[in-house]
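Protein chains in written order, with our numbering: chain A, 513 to 994; chain B, 95 to 537.
None of these hints come from the bench; they were simulated from the model.
Note that beta-carbon positions come from the ideal geometry of N, C-alpha and C, so glycine has one too.
A hint or two may mislead.
[To be verified] If you anchor each label on the Cβ, the simulated ranges turn out as follows:
1) Ser537/B x Pro636/A: 44 to 54 angstroms
2) Ser172/B x Gln628/A: 23 to 33 angstroms
3) His627/A x Ser172/B: 28 to 38 angstroms
4) Gln628/A x Thr206/B: 51 to 61 angstroms
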Amino acid sequence: MNDVTLKDARRSLLAPAGLEDNHLEAALGKLLRGQTDAAELYFQAVRQESWSLEDGIVKEGSHSIERGVGVRAIAGEKTGFAYSDEIVLPALMQVADAAAAISRQGQHAAVKAWHQPARRALYPAIDPLTTMEDAAKVELLQTVDQATRALDSRVKQVNASLAAVQEIVLVCSSAGVYAADIRPLVRMNVSVIVEDNGQREQGYSGGGGRFGLDYFLGADRAQELGEEALRQALVSLEAVPAPAGEMVVVLGPGWPGVLLHEAIGHGLEGDFNRKGTSAFAGRLGEKVASDLCTIVDDGTLDGRRGSLNMDDEGTPTQQTTLIEKGKLCGYMQDSLNARLMGVASTGNGRRQSFAHLPLPRMTNTYMLPGPHDPQEIIASVDKGLYAPNFGGGQVDITSGKFVFSASEAYLITNGELGAPIKDATLIGDGPSVLNKVTMVGDDLELDAGVGVCGKDGQSVPVGVGQPTLRIDGLTVGGTAGA
Amino acid sequence: METNLDIEPLREHVDDVLKQAREQGATQAEASASLGAGLSVTVRMRAVETLEYSRDQGLSLTVYFGKRKGSASTSDLSDAAVAETVNKACSLARFGAADECAGLAEAARMATSSPDLDLWHPWSIEPAAAIELATECEAAALDSDRRITNSEGATVSSHSGARVYGNTHGFCNGYRTTQHSVSCAVLAQDAGQMERDFEYSVARHRDDLDAAPHIGQEAARRAVERLGARKLGTRQVPVLYPARLARSLFGHFLGAISGGALYRQASFLVDSVGQSIFAPLVSITEEPHIPRALASAPFDDEGVATAPRTLVANGELHGYVLGSYYARKLGLESTANSGGVHNIVVSDTGRSFGDLLADMDTGLLVTELMGQGVNPVTGDYSRGAAGFWVEGGTIQHPVSEITVAGNLKDMYQHIEAIGSDTELRGSVRTGSVLVSGMTVAGS
Chain A
513 MNDVTLKDAR RSLLAPAGLE DNHLEAALGK LLRGQTDAAE LYFQAVRQES
563 WSLEDGIVKE GSHSIERGVG VRAIAGEKTG FAYSDEIVLP ALMQVADAAA
613 AISRQGQHAA VKAWHQPARR ALYPAIDPLT TMEDAAKVEL LQTVDQATRA
663 LDSRVKQVNA SLAAVQEIVL VCSSAGVYAA DIRPLVRMNV SVIVEDNGQR
713 EQGYSGGGGR FGLDYFLGAD RAQELGEEAL RQALVSLEAV PAPAGEMVVV
763 LGPGWPGVLL HEAIGHGLEG DFNRKGTSAF AGRLGEKVAS DLCTIVDDGT
813 LDGRRGSLNM DDEGTPTQQT TLIEKGKLCG YMQDSLNARL MGVASTGNGR
863 RQSFAHLPLP RMTNTYMLPG PHDPQEIIAS VDKGLYAPNF GGGQVDITSG
913 KFVFSASEAY LITNGELGAP IKDATLIGDG PSVLNKVTMV GDDLELDAGV
963 GVCGKDGQSV PVGVGQPTLR IDGLTVGGTA GA
Chain B
95 METNLDIEPL REHVDDVLKQ AREQGATQAE ASASLGAGLS VTVRMRAVET
145 LEYSRDQGLS LTVYFGKRKG SASTSDLSDA AVAETVNKAC SLARFGAADE
195 CAGLAEAARM ATSSPDLDLW HPWSIEPAAA IELATECEAA ALDSDRRITN
245 SEGATVSSHS GARVYGNTHG FCNGYRTTQH SVSCAVLAQD AGQMERDFEY
295 SVARHRDDLD AAPHIGQEAA RRAVERLGAR KLGTRQVPVL YPARLARSLF
345 GHFLGAISGG ALYRQASFLV DSVGQSIFAP LVSITEEPHI PRALASAPFD
395 DEGVATAPRT LVANGELHGY VLGSYYARKL GLESTANSGG VHNIVVSDTG
445 RSFGDLLADM DTGLLVTELM GQGVNPVTGD YSRGAAGFWV EGGTIQHPVS
495 EITVAGNLKD MYQHIEAIGS DTELRGSVRT GSVLVSGMTV AGS
């Protein structure tokens, strides 16, 4: 975020409707007329484009524009919220009136002098939609399709898609925040269906981040996504039924970090802990993981999918240590929950759009590397499972129970990798699972840039990561050996 | 709250973009415009937590230049944004490849009449009244049991929407709908264990909502009953899916018989019309015209008239779920399912929920399913679960941190009974379902 970004955001969001700073002050003034602690205006414009390939041809491109303003008035634990998908003065004043209805009496609060946070650029303030010619986008998808089909005659179908989003946000609040961010985000997905002797299987791969589409031209990245999707589909052709029951599980590096996201990440979000609804509530300072585990949430990594120069409340993102050598030492906070808990925001206030309220959300959540050689970790297991790839997961914050589904996994027998197994859900208990981490690899990896996190019906892009981990006891939900 | 949403301005937007698309040379075009408004209040621990007003609008356009297609949408309905949207759709179409199956649904299939489905019942509830109702709902939960120690709150919401769809066949029609809900989620705590559960009611007409105190009490009862949960040893047993979870079993079925999945061969039910994919006791219909139902619609997202039909009779599959594009790809006709299904009704076998528990005798009554855990290509099924262990037809104790697994093809054949306790809160209407031969994994 810098002066240029703020100027560009104002030009894009405010200038078309002739909105000036005095209009924003007037709207904040309306919000602050009751017993209001804080008021905020959030302007957003999102342009999105996607292209999809099927049957070897790019059948369709689509484009969307969304813009609007969301306004909040906060009084104690109460929030009044309204939004409009028209950024014009009458609509702004109308939604400010509606949101202010939460607090009708009491003293007027004052708007603090606006200031801009320090300059930061974790990603370029570009429009990624224009970082490649349309013809080149089509050609890129076709190249991936052809290259993937050429690799194996068992390929029956390739679906590939390319998406680019530019999000421009401008936040101004009674706390004195006046800040903007321009956020590019690109993503490519490939899925492959293979068939062999009447058996069909599917493999997926994807990647991306906060940069231009030209990323996919570099180092054959696009073709590698196709190769990886194919590899996973072919592995599935060989899969045997998954075992059922509790066993030692070795998780591969990178995307399997979805374990951390589900098992402990959500449980450490400030809202659940303020309300006491999380299984981790009131446990700061307690031992919740083995000494080998140090876990952070870090929104400041260059170009990462979960990274942000500032969160959606204008607070700069940071690296927050959640667990240090097994000890619970921090929650992730937005401004509302931070204020009510008497701490500072950690820059984790995020919202899907102007039409949604900010919530404490993760950015990039990962475990720091440990002392073990990954090969040594697999070799240490007599009987268990090695799981290098996962689908999504889910957690029950209150009971702490979480699941995630292994999309690629192998049996381990006497320290050796064996046959791949069919898809299986793994289930565990968040507050206790990390106490069972007995080995941590030296091979920290972050995911390829595909994570989407859902909470209260809101989706936001996130990152996860971890080194290879050995967990002595997770329940594997297969069908074999019951 | 704004409840008098007018159809006419939406019709004008649709007509306008179709005209602009034709002027740019599109040979066919289709557009939809929507407007929605709502109010939602949440009360937590007997105090107001949020008061939210929503108002959403949108316009989306698909253009065809011969067999080339482009799409664009906008939430900004200013002339400039609409013009940009039309330009964008047209320019994207130029880069797409020609696709023989692209185009509007057949003109002869357009809905010619619009049955009144009784979907529009605005509830002009003021925030103060909504807060009172939510407070009453949560209080019923908090006061019902001393083990209810905390709450995620009770929410009352009311939403009204209008949508118009039109295309260059000359079809242009729209209708208005309302949807109201009351929900409550609370936490029960005992002996160091904490469990959460919820209850909700949703309806087109506020008079069809369950009483707020009843919703609160049900949420509390469900949360308290989960206390004392333990793991279960790994075993093969029958599993009883109560109606509200049984819907998901048919959701997987609908996904597997939808056009895109079938055409990509990303389905475990490819080429299965005419085959017995369920036990003979299972029959399933689609009934799009049930008055006030949550998934009723006079026409689909392409203007194709909806009509009642049989999907499964005595276990045998009679048809797929198709919009016009994948219907053409598969050499079939649209089944008026562009945009989704319209009230899927699963016949029951005349057994009450209590009968089903007795029929199961020993097995798992599942009350929560977690994660995705379904492979659409193979039908392999493995999901996280919580519920109750049942012996002799009687609930013994709650269980959690377990998985239930099988393959959907086998599970559908192993449906032993369907209860008469039909769930109405969604697009799939089914009673509880008893499935034999599942693998439960635990400690």
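| Which numbered hints does this structure break? | none
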